[in-house]
Every structure is written in structure tokens, then in C-alpha cells.
Amino acid sequence: MNMQAMMQQAQKLQRDMMKAKNEIDEKKFTSTQGFLTIEMKGNKEVTSVKIDKENLDKDDIEMLEDLISLAVNDNVKKIEKETESKMGKFGGLSGLM
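The numbering of the sequence shown is the numbering used here, which starts it at 21 and goes up by one.
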């Protein structure tokens, strides 16, 4: 294989990796824990926090704090799973992104 063909193949691989990463970054991940729903983008940016106020009592504030942590961590796990699914095919090269 000549050098030009290798460079073209590397550039195509880089484009494919960027496309997969962008798809993950823009995908929305949602987790509902009790009366709380958190939405995040694949880049781990929280885009929405919704609390069902009708079911929230002032005594539930500590539970709400725990639910926020659970929901965020659940979404992070979903994002990591999606990232592994889409980027795993690139092997160790995905760390370059």
C-alpha cells in the first residue's frame, strides 16, 4: 500500500471517529428516579432537570439530593455504554479524539 492510500485511509478513519463522537455528544440520555427526571447530552452536559413538585414534600429534600446523584450517575453510565458501543470499533484510536 502506498503512502497516499494510507493517508487517505487514516483520514477516513478520523472522519468516521469524529462522526461517531458527534453523534454521541448530541444524543440525549434520560434517567428518571422517583419524582425526578434528568436529561443529559452525550458530552455529559445536563440539559434538563424536572421535579414532580406535586409529589415532593419539604422532608424529601435529602432524598431529592440522592435522586439527583443517582440520575446523573445513571446517565453517565448510559453515555459510557453508548460511547463504548460506537467508539469501541476504533480500538485504542478513540482515545485520540
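Don't read these hints as lab results, they were simulated from the structure.
Computed from a prediction, not measured in an experiment: that's the story for all the values here.
Glycine residues also receive a C-beta, built at the ideal position from the N, C-alpha and C atoms.
There could be a bad hint or two in this list.
Claimed, not checked - Restraint-style ranges between C-beta atoms, simulated for each label pair:
#, residue 1, residue 2, range
1, D79, E43, 39 to 45 angstroms
2, E102, Q34, 45 to 51 angstroms
3, K73, K109, 42 to 48 angstroms
4, E104, Q24, 28 to 34 angstroms
5, E85, M27, 35 to 41 angstroms
6, Q34, T67, 25 to 31 angstroms
7, K73, S105, 31 to 37 angstroms
Verification of the hints:
1. D79 - E43: 39 to 45 angstroms: holds, 42 angstroms
2. E102 - Q34: 45 to 51 angstroms: Once the Cβ atoms are compared, 20 angstroms apart, the range 45 to 51 angstroms for Q34 and E102 is violated.
3. K73 - K109: 42 to 48 angstroms: Once the Cβ atoms are compared, 44 angstroms apart, the range 42 to 48 angstroms for K109 and K73 holds.
4. E104 - Q24: 28 to 34 angstroms: For E104 and Q24 the Cβ distance comes to about 33 angstroms; the hint holds.
5. E85 - M27: 35 to 41 angstroms: violated, 52 angstroms
6. Q34 - T67: 25 to 31 angstroms: At 28 angstroms between Cβs, range holds.
7. K73 - S105: 31 to 37 angstroms: holds, 36 angstroms
Going through the hint list in order, the structure does not satisfy hints 2 and 5.
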